[in-house]
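Visitor: Based on the sequences and whatever the hints tell you, model everything.
2 protein chains.
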Amino acid sequence: MKIGLLGCGTVGSGVYELLKHQRESLASLYKEDIVVKKILVKDIDKPRHIGDVEGLLTSNAYEILNDPDIELIVEALGGEGTAYEYIAYGLRNGKHVVTANKAVIAKHMKALIDLAEENNRALLFEASVGGGIPLLKPLKQRSLLNEFSEVKGILNGTSNFILTKMTEEALDFEEALAIAREKGYAEADPSDDIEGADVARKLAILASIIFKDNVALDSISYRGIRRITKADIKLIKDLGYSVKLLGKAVKENDRLSAIVEPVLIKSTSLFERVRDAYNMVAVRGDNLEELSFYGEGAGKKATANAVVSDILDVVNGSYRKETILRRNWLKDYNRSLIEGNYFFRVTPKLTSDYFEISKVFTRNAIVFSKRVENNDLIIITEASVAEAIDRVIAELEKAGFSFFFGRLEN
Amino acid sequence: MKIGLLGCGTVGSGVYELLKHQRESLASLYKEDIVVKKILVKDIDKPRHIGDVEGLLTSNAYEILNDPDIELIVEALGGEGTAYEYIAYGLRNGKHVVTANKAVIAKHMKALIDLAEENNRALLFEASVGGGIPLLKPLKQRSLLNEFSEVKGILNGTSNFILTKMTEEALDFEEALAIAREKGYAEADPSDDIEGADVARKLAILASIIFKDNVALDSISYRGIRRITKADIKLIKDLGYSVKLLGKAVKENDRLSAIVEPVLIKSTSLFERVRDAYNMVAVRGDNLEELSFYGEGAGKKATANAVVSDILDVVNGSYRKETILRRNWLKDYNRSLIEGNYFFRVTPKLTSDYFEISKVFTRNAIVFSKRVENNDLIIITEASVAEAIDRVIAELEKAGFSFFFGRLEN
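Residue numbers (this note's numbering), protein chains in the order written: chain A, 8 to 417; chain B, 8 to 417.
By construction, these hints were calculated from the structure, which means they are not laboratory data. These numbers were taken from a predicted model, which means no experiment stands behind them. Each hint should be verified, as a subset may be incorrect.
Same chains, same label: a pair holds when it works inside one copy or across any pair of copies.
To be verified - SDA-like, lysine to any residue: derived pairs with alpha carbons at most 20 Å apart: (1) Lys237 - Leu178; (2) Lys147 - Asn341; (3) Lys219 - Gln29; (4) Lys244 - Thr275; (5) Lys308 - Ser274.
Guide: What follows is the structure in structure tokens.
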């Protein structure tokens, strides 16, 4: 089995090293020598620290995609445009494809799965969600026997690391973000991690798999954690809750609600224990009351593990019969299944603002209790429809108030 | 694919119902009609509530085991002797075997796996550990790429339910046990669940899989939770810990330590959150820092799910290449890798006993701190070798003291 590796960054080099390290043991088990034949890199002359790869490097993707010797492509480029083209080209050209690319899969899952099926090839992406946690494969299998009704998850290590640091060391958001950057958990532009876009992608993939239908990425609304302050964390802790950035999708017959937003989690919940860059995913089905998976959501070794597991499923032939998007039943995307009570902290600019702030809620027909704490207005709403909360947020933003909010999660 | 079902109790009838319920959807996916042809029962005439099974029942196992039409046997009898014979007979006779029987697998894993390989047939037992949690399959696959160093788990629903009730409702052991019996969580004789034997079986299976060598059941020592009192729970809670019955196996080169015993778990641990009859398993490997699985450890639907998942792996052919006991590297079974600090509560019979109790520890070269609480002597030991703790327990028992102990788990 000859492999073509697209990309030699963290994921790509991790896959190369793991395959090399386990080559003999896998060869004896699978009676098949699994070996990387070519590696796509931007700069062939850049020094690399993954052993003797000199003869393997190329800067021309089509040298790999058109190589008749290569049966499987590992796409480890990241990003959207080029990666999508290469994956599609590879599948059309009769190559199996394994990828860790959540951006491409979340956006083009249906088209790529159709393409893989037409060409009778595997398209596997275990590493795209939850890093090293064996997640998609067991869920695919269990979804054959279960009607799942719910999935929720802490799916972004960067934001969870920031919230953990803020909670445990009483840091401000920017201080915690700076540490995340130092540790390599946050990128130069951390927007996708912090604003919820990254979680939305992973949630789209997870929900598609357990509900066995294509959950479109743009049906998932998301709200991030950038507004949160040290004082919010303390106040929420005193109320007996922790703040987490949670992705959640719920299905009821042909209705689906999916959202990513900050939530207040009770201190008795399993999710409350998820610290630092760890991830956790929980599902509910008609045969499985509650099932959770916990582990490293990223990292070179963990991700390489997941990618190579997919490669072994191709070698083994066990990816077959795992067709996942077998239905077409989701008709009604709205957020009504995830209504809830919301916590709001709103900081007035003048004392006279208290009345103005309350009016924003009343105007939108939201019932709430309120109190003043450290001059801030603390509001806990009754169960409120998502659209009303949207309007409140928009009005508070427009009026220029500083605020934070989170849904009270059961 | 014709299936022969041995046993029609909770597991057997659950498997029958799930296969029947999903028959059409599985047939369309696998292009194979998966159907139960015969069911072994003790009493053919007993009324059953699983639909029209009249023509399927037999009280003669060999009518199933020798039926050339039947390709796969589901062993759902439980117990040891007969079940082992039928499984071995089935494999020799060219049948695939799927079982939920932890007693047989823990004791005869190596012999049965060898037999399955000789006959080129599948032997799968996902449901034997962790009920509905997809556990053995992902661990088998990850063990191909990882050197695991540790596994630990809350693996017995009955004992965890009792500990949860005692903790949350301040009940005595016997009161909590009575509720467990009422709810169907505890059998008439709950010894195996409460004394740790059941956990030892599951730990033997888990450890064999992740360490890729046969971990003999009799190399696992176990201690149960029967000694614990309501007062112990409260005292331990005040110290910031919870009591759990934990199975743990640690490997270092060719040394293995495995033990089942009550442990004191810090209130910040994920394990501390595992309530009622739920299970949790955590592993550590060289490529996976920490990976945990959480879910229902038993129950008709959850167990049937796991059994049918195994059946689908046989239909799919994906069980091949999952040979697990590929090594023979464990040479040195002792408990030195799981040494730790121990908590002891010892109730003296007379005031003069305090000195006598302390002497038991000193005599065994254990360093400890002590204090008196509600007339009981509370002792926290320094890290102590397992054999010394064994001797202390034996001496306290011999002297007739009431006591409870648990290892402080990190």
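Visitor: Which numbered conditions among the earlier hints are violated in the structure presented, ordered from lowest to highest?
Guide: 2 and 5
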